[in-house]
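Participant: One-letter residues, chain by chain:
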Amino acid sequence: MIPLGHYLIVSAILFAIGTCGVFLRRNLITILLSIEIMLNAVNLTFIAFARQHGSVDGQIIVFFVMTVAAAEAAVGLAIVIGLFRHRESLNPDAFTLLKW
Amino acid sequence: MFHSSFDAVVPMLCVALAALAVMGAEAFRSRGETMPVGGLGIVGLIGAAVSSALLWNRNAISFGVIVADNFALFVTITLVIVGILTIMFSSPVVKRDGLPKGDFYALILFSIVGMMMMASANDLLVIFIGLEIMSIAVYVLTGIRRDDPRATEAAFKYFLLGAFSSAFFLYGIAFTYGLAGTTRLDRIGAFLAAQSMSDNRLILVALGLLLVGFAFKISAVPFHMWTPDAYEGAPAIVTGFMSTGVKAAAFAAFARVFLSAFEPFSGEWAPIVWWIAVATMILGTVVGVAQSNLKRMLAYSSIAHGGYLLVGLVAANQVGKAAILFYLLAYAVTNLAAFGVIALLGTKNAANDELRDYAGLWHSRPALAGLMTVCLLSLGGLPPTVGFIGKWYIFSAAVGAGYYGLAIIGVLTSVISVFFYLRVVVMMYMSDQPATVVFPPVSTVGMAALVASIVVILALGILPTPVLNLAAESIATIF
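The listed protein sequences derive, respectively, from chains H and D.
In terms of our numbering, the first sequence is residues 1 to 100.
In terms of our numbering, the second sequence is residues 1001 to 1479.
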């Protein structure tokens, strides 16, 4: 049996990869994907803890998170399409109407 | 398991049903027909207010995770006020800008449902769901003017950092669940009370991640970067709505999680929140002084107000907790009214939100200039407005809890902030060169909402005792 720590380390690495992706990648779609990676890292954490506690709560939470992530992705992609219509670019550095 | 009644969800249900009715009315209307969807929304919100009043002092619990204690009901009523004022201010704006009416009101109502859920949730997962219901609706509202590149850009920046912070918040929930084996706040509190810091370093990780998630939502420094951009780019009335409603809901959830479940570890988080509060007050005020755009200036002012609310959270004595609730109400009404003025003065093609556009407003629109002055004085915390009473209670709570430094910094930053509020007032009354912009005629509904909020600001500024007592009563039941 794989100990809990291994799951937690994998999910922490995944979360870190997602976080770095949000900051480092210069394409809006890739940034959205990075956020999805972060959410899935959290899902892995929930499932690992659920197995450790022997309860299904964590697994049920994952379904909620997946639903929320889907809704978020839908809205995010719609906003990206809106941005692309104005600028014909997916590079976040092109969006400078408002100062950061 | 279903011995619990539905009582506690009734206020949310009223608003959710109104939102569904708005969607239905808009979907099934015949071409060219206009539906009174704004009125429908107001009916739902009044239903929520009435049911909250009926639930007062009853501590109803539904499904074990939604509690309608007085704290939740006080915030719910604040949110109802925010909702009604937003709908009244939006009705001329929606017509003028040609916004999709049904979508706009339905999104406003759905996000209020999410806010109410955050305020009354007794479970971290339910707080997360409420947070997302609220946030997703507000992302769309921010970018609802698709023809405006600035609004779309604002929506994207808000969405990106919002989703990013949600992931942190969720990761915090995951660790809390891993430690306590539950996401229910009461059980987490009971579990943590039996733990000590040296036992489990993971508690600190969970605490930190949850803190980051909340700090993003209440736009506390250093997680405030999205706020000025999102507030400047969004339509003025949406900015008003999200700077009040979102902040009120996020603060309610923040206070509940940190003052109930994580209370045993207040020795660990209070110093961190102390620093965040100081940084938030100082940055919000100092950078606010340098702004030339009124919406952006008010965005920084709302960051600073978040800092004052954090002072109440750090103090966390009885006065402090009641002061948070009172301040949320005071700030919500005042800020919404200020953004309402900006919204009413804009036109479809020109937002008219630069500071110089307001030069000589007193000569062209004396009534609006007068009402705006009251809002700005209340935001600056000058008597006889509600803003003064709110700040007074926050700072006296800090002094009472022995946080003299916080109170002094708070008072100093308020004094500086008065400078930039008064700059607008001086421009409106004493400018020699009136602005060349042409302001549109102001609608009756918008004016009525504005007058109503000014009456509240002044009435609560002169006679705050009944509402202060209600706030004190609200926190007595839980913490």
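Hints should not be assumed to be uniformly reliable.
Just the calculated beta-carbon pair ranges, DEER-fashion [to be verified]: (1) H/Leu4 with D/Pro1100: 48 to 58 Å; (2) H/Arg51 with D/Glu1033: 48 to 58 Å; (3) H/Ala94 with D/Phe1006: 26 to 36 Å; (4) H/Ile9 with D/Phe1063: 30 to 40 Å; (5) H/Ala16 with D/Ala1053: 47 to 57 Å; (6) H/Val10 with D/Thr1465: 25 to 35 Å; (7) D/Trp1392 with H/Ile13: 30 to 40 Å; (8) D/Phe1063 with H/Leu4: 27 to 37 Å.
Simulated from the structure, these hints should not be mistaken for laboratory data.
Where a beta carbon is used, it is the ideal one built from N, C-alpha and C, also for glycine.
Participant: So which of the earlier hints does this model not fit?
Facilitator: Hint check: 3, 6, 7 fail, others pass.
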